[in-house]
Amino acid sequence: MAWETVIGLEVHVQLATKSKLFSGSATAFGAEPNTQANIFDLALPGTLPVLNGEAVRMAVKFGLAIGAHIGRKSVFDRKNYFYPDLPKGFQTSQLDYPIVGKGSLLITLDDGSTRTIGVTRAHLEEDAGKSLHELFPNDTGIDLNRAGTPLLEIVSEPELRSAKEAVAYLKKLHSLILYLGISDGDMSQGSMRCDANVSVRRQGDSKFGTRTEIKNINSFRFVEKAILIEARRQIDIIEDGGRIIQETRLYDPDRNETRSMRSKEVANDYRYFPEPDLLPVVVDESFIAAVKATLPELPDIKSKRFQSQYGLSNYDAEVLSADRATADFFEAVLKDCDDAKLSANWVMGDLQSVLNKAELDISHSPVSASALAGLISRIKDNTISGKIAKTVFEAMVNGEGSADAIITSQGLKQVTDSGAIEKLIDGIIAANPKQVEQYRSGQEKVFAFFVGQVMKESKGKANPAQVNDILLNKLKK
Amino acid sequence: MATEKMNDALKQGVADLARSLARKDFTSVELTSAYLDRINRHNPDLNAYVTVTGEQALAQAAAADKARAGGTALPYAGIPFAHKDIFCTSGVRTACGSRMLDNFISPYDATVVEKMNKAGMVMLGKTNMDEFAMGSSTETSWYGPTLNPWNRALVPGGSSGGSASAVAAHLCPAATATDTGGSIRQPASFCGLTGIKPTYGRVSRWGMIAFASSLDQAGVLTRSAEDAAILMQMMSGFDPKDSTSVDLPVPDYLATLDQPLKGLRIGLPKQHFAQGLNPEVEKQIRAALTEFEKQGATLKEISLDNSHLSVSAYYVIAPAEASANLSRYDGVRFGYRCDKPADLEDMYKRSRAEGFGAEVKRRIMVGTYALSAGYYDAYYIKAQKVRRLIKDDFERAFREVDVIMGPTSPHTAFPLGSKTKDPVTMYLEDIYTIAVNLAGLPGLSVPAGMVNGLPVGLQIVGRDFSEAQLLNLAHRFQQATDWHTRTPGVEGSN
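Chains F and D are the protein sequences, given in the same order. Counting in the working numbering, the first sequence runs from 1 upward without gaps. Counting in the working numbering, the second sequence runs from 1 upward without gaps.
For the record, the hints were derived by calculation from the structure and aren't laboratory data. Source: prediction; values computed, not measured.
Listed next, the in silico DSS-like pairs over lysine-lysine satisfying Cα-Cα at most 30 Å (straight line):
1. D:Lys391 <-> F:Lys73
2. D:Lys385 <-> F:Lys102
3. F:Lys130 <-> D:Lys340
4. F:Lys413 <-> F:Lys387
5. D:Lys349 <-> F:Lys215
6. F:Lys73 <-> D:Lys382
7. D:Lys385 <-> F:Lys73
8. D:Lys241 <-> F:Lys73
9. F:Lys79 <-> D:Lys241
10. F:Lys79 <-> D:Lys385
All chains, please: the whole structure from these sequences, using the hints.
Written out as structure tokens, the structure reads:
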């Protein structure tokens, strides 16, 4: 019996505002505990929230980027529960009237196919602080630096059908928020956190199965693994005649399993009601137009342009446009060398593998865009072959200078003088009469031997195309 | 001689004191000392103040005297007053009538406090109140009840009973107060004072400890409308720190105090002159209304159709908001924490059980219940709908009349302990005042008669931001009557 997994994701994105959602405290990561918590963040009696306009602007920016309806009048609500890292005893969030309504996200799967995934809504809310259990032997410390940091919670429709689709969605979301500059998107620091709602049903069923929610998964890889293992768990239970309980579960990456959280937390009644200390957030057309004007070219549009303007394949265009810095780098290279295919290959291939190995962001690339364009130009004008170019690139990565400097100093200039190549070939033909005989008697694969000999003699510098032509001519005689 | 001079000074209100200080009849330090002395003698009995800040007051007074000598004093510099203990005062305990905050020294000033400080006013201390402003008699305070100086067997009203008692007993010339359902107007009525609750949003709530955020509003208790005008001028205005404060200019309240009343249309809600109103109180109110007629106003009976629902709606909305507002008192960061908590849950439960009094706990439970899954629509949403209807009633009325008048309270001050056993009887105390908070309108209570030696208050309700008009009406009334000058006796209690 075939099973289908149904997944909806709730993603919390920490917005990159300078100050908190409702107070003037700074939001920088890693400060000394409680140095970024003012009297409001501590929830002292008498303090009141004041909404950070920048957070609203960022949320609207996101909404416009996914083609969503922007809530003209959104409302903050109090979500009530007691926890030591929640100073007010309620989280200020948005329930019925979120700032961002229905939108969608186009995802690309590994086979190149695309799917549109519905985004139900996105709303603003404040983050909680942190409990520190390690610092004190018998007590728990509370760090309120993070308390009140603005979050955008982005909720997808239950339209994802595999762990791979979930990861593709998450990656697309990640790409988008970086494009928009509304978050640093750093999952390891919790700037982007994911909860996954997972259920399974038999292929063809129209009704959803009972879902579980896996909380706080903090990497793309874990999202995939957690969904796979949870779906497997659910299928096993149903196939054994059991039933799925709707509950919140935690993913344990060390044991690769999901575990039920205490049922008490699941049974929370949050008693939402409108936050009386804040007025509804009214967003008018002129505000929306102003935010729209600040939108960068978004990945989907950029990808289409890369295909039409530069003739890139769908795959190349998708890969290059997924990251704004990479796309910008590519276009900078292209501008200087005027060869889209070579620029794409080098940025996605050799450069990317160097960056991956060194764990570097493209903005910290050891080879600048213009330097890479310099190298590509030498391939284009036949100064060096693609093979030699790899040697030159390696030297560039090691900081040995520009492509031209390296080619000159190491004498790597390609031999394109046909007279010189002819002379070389004549010598080789003369020295290998046996192989010439074999070739002329129909063993054409011996041709490769001659090419190898020429390249060896020329230390790889002979122009391969010319070598082919001249060799063919000479051997036929 | 000196004593006589200062006895006279203690009778003066804010406006008179400003003139006396300007004339250098006495210094602010002399005045402040006289008040501190009087507080020292009478407060142990009345329990109007929970904290007296003598040293700080004398320092502020000396600074005002110095400024006055140097010619740089602001008009009301050096005038003593008291803050209700709901306003956060930097470096001074701000307990809000609760054991929960008995150890809370605020690190910051409320906006109202900051404004009074800037004006050079001298804070004598902090006044007693019902715990977290939840009550109508100042009997729910952790610091014990405040007594009514007119008759010490009676309550001063609440929740601003400490402020009312202090002003009535001349333990200060004026005091700040707050009103969520009648907490300024009802004590004003019981103690023979002028008390104004401005329009919601007129005065910043920053630093004013929240009871019910959508209803709470700061105001003053004084012995004249003129004094109220002076202090409202000082306190009002937009505050970027309070998102619900309204960005409208503050009119010059003193400038319009004397405007004639000719042509004024006064609405009398029939529901406020119905069963339940003490006939003697009604007689006094009717008599007071004729004074307005004499000055050219006309009276018209109106109907506030949904006013019978106001107390019920209020006792869903206010506790619902309070249940969340009071969640921060959890023993984690400040305030009361129980002794030797076994674990987190034990700390929460015992800190709150021991730190809050019975009425506060009752309202937290009512509010929590009203917001619970399955009850939210039936209670909270329904109450919000009723609130809208009540606001509509007033809007309809204000198409026919300019202001609405009636009794502030159905009766005069009641005996201590007489309503503490039955919360609902206590809740009905605010039957005429509570709808005004639900509608966000300004309301004022002015002394308008006496019944058996006890003051009776007339409530005046106006349109949004009509504070100037309310003060004008009260002032004109006070120019023609002397009810506001009646006091329990400064000399007598000396």
